[in-house]
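K.L.:
Sequence order for the protein chains is A and B.
Using our numbering, the first residue of the first sequence is number -11, and each one after it goes up by one.
Using our numbering, the first residue of the second sequence is number -11, and each one after it goes up by one.
If you are wondering where the hints come from, they were derived from the structure by calculation, not from laboratory data.
Any given hint could be a false lead.
The list treats identical chains as interchangeable, and a pair is accepted whether it falls inside one copy or across any two copies.
With a Cα cut of at most 30 Å, we get these calculated BS3-like pairs of lysine-lysine [stated by the list, open to error]:
| no. | residue 1 | residue 2 |
| --- | --- | --- |
| 1 | K285 | K65 |
| 2 | K195 | K285 |
| 3 | K102 | K12 |
| 4 | K96 | K(-10) |
| 5 | K237 | K286 |
| 6 | K152 | K286 |
Number of protein chains: 2
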Amino acid sequence: MKKILVVGSVGIDDIETPAGKVEKVPGGSAVYFSLAASMFAKVNFVGVAGSDFPQETIDLMKSRDIDLKGFEIVEGKTFRWSGRYHDDMDRRDTLLTELNVFETFKPKLPDEYKNSEILFLANIHPDLQLEVLKNVNKPELIISDTMNFWINSVPEKVVEVIRKSDIFIINDTELLLMTGERNFLSGADRILEECPQLKALIVKLGKFGIYATDGNDEFFLPAFPLRQVVDPTGAGDSLAGGFTGYLAKTGIYTFQNIKTACVYGSITASYSVNDFSIQGLKEFDLDDIKSEYDIFKKLTTF
Amino acid sequence: MKKILVVGSVGIDDIETPAGKVEKVPGGSAVYFSLAASMFAKVNFVGVAGSDFPQETIDLMKSRDIDLKGFEIVEGKTFRWSGRYHDDMDRRDTLLTELNVFETFKPKLPDEYKNSEILFLANIHPDLQLEVLKNVNKPELIISDTMNFWINSVPEKVVEVIRKSDIFIINDTELLLMTGERNFLSGADRILEECPQLKALIVKLGKFGIYATDGNDEFFLPAFPLRQVVDPTGAGDSLAGGFTGYLAKTGIYTFQNIKTACVYGSITASYSVNDFSIQGLKEFDLDDIKSEYDIFKKLTTF
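The whole structure should be built from the sequences, with the hints applied where relevant.
P.N.:
Put into structure tokens, the structure is as follows:
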């Protein structure tokens, strides 16, 4: 069992989807990620929130044995995000982004975090991701994530982060944006050409699943066949959490094990989208997901 | 080994894709389908062309042992279609449609065709599909296809055809159009509720693969990981051809065998899109595709 260090955002969100609307609910990449990953392994948490961040969520994280020594609560307001999803749940409009205490966030790593075997760099400014990379002691495995905002504004920094990572996770539209390619396969080829040190590139295809490649082997996992999605917010972070958690639990970083990690990541994400905010992740229990694993086997076997 | 009867269109196409441009090349659903299916089983062909249809293509079909007694060549011009694909190869604009001799097409079934064990109703007016259904002797398996044009213009007729079919093949955008659902899973559920006699519904997801369900079991096959697509025209008909051909070759119509048929259909389609018009299908040889089958196995196994 390896320890995971996650650095990412902590937020309070307003979310509207075709299934309903919620206000001032907990969110942020590090929150979703750590709740997901903590079902598999020990998580060290680095992030910042304002004094308005709900104690209930902090208590939930503690109950999951997430180490919160790196979670700063500072005077002021937590990062705020508000979004509205379209009918197809694929696209969303961002209605509001207020950085608040996140604007001046400098990740501070407690000394004991620096030897975490696995580092997950959630979606934050690549400069912060690079800063964290300087301050850790050679993790066994570095996994990073990003988003279109950074690809548009500081693309060369994003590439710098990928070049220092072992596994990079991206969604298909971001991949096309980043590479200028027409399809995700060519996009993945391009990233692996430019960043040949990558052990794996994980391309999230939304309702179509996950494509993973190490440049030689390829893997395509469909999405879990969910009839109803309540809230897609945090699906990618939950997927990354389950994925990273499984790798931490097993301590094996082969492409074969990365494939299985994709399955666990997908199952985790399917719980996350079942309810608003982090509610779905509360229902997630490793002992309970054998049926989901079997569904994936049946779904993909011919 | 079962015999397949196909009724569909025969055309002459002008095609422009990001990979290039061709004019007056052979096309049509029945032509793509029969060239694909004939690699697996015996095909009886019903369709109509004008006197301008290339003899070379007729000779190719003969060389594949496709029975052409039901292929009428009449005075006049063949059905013409012209289209231009967008950069992503997913969307296309139809630039021209001229029905020509196809306008008055009444499928005439040679008597010996009427006992074909498998009937494939390619994309033509549902009235013609229903007419064919009246004139055959209880095929063991009826597979049908359609397109958005008929879903928009005569939706109740399309449903009538599906209700008389064992397997229905549709693409995801057509499925959403037809059912008004937001995602292909719910769309598939809806079709199976309305047409419970279906043995299987096959939903083509383009570059994301195929989703198949019989209402109980579900199957998701990724697309063959092709780096370059030259011409997507006829991909769906080629897929249906390989799919139906495999079912005819084996004579087994279980969902398990339908899954394997999806794999063969996908491999067939991957050959079809490798070159313009029917050129790609000329390269297709059953003895040659073990490596593609193995790639699919590797791609989907965890």
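K.L.:
Please go over all the hints and tell whether each is borne out by the structure.
P.N.:
Verification of the hints:
1. K285 with K65: neither (45 Å within a copy, 51 Å between copies)
2. K195 with K285: both (17 Å within a copy, 21 Å between copies)
3. K102 with K12: neither (33 Å within a copy, 66 Å between copies)
4. K96 with K(-10): within (21 Å within a copy, 70 Å between copies)
5. K237 with K286: both (24 Å within a copy, 24 Å between copies)
6. K152 with K286: Classified as between: cross-chain Cα gap 28 Å, same-chain 37 Å, threshold 30 Å.
Taken one by one, the earlier hints fail for this structure at numbers 1, 3, listed in ascending order.
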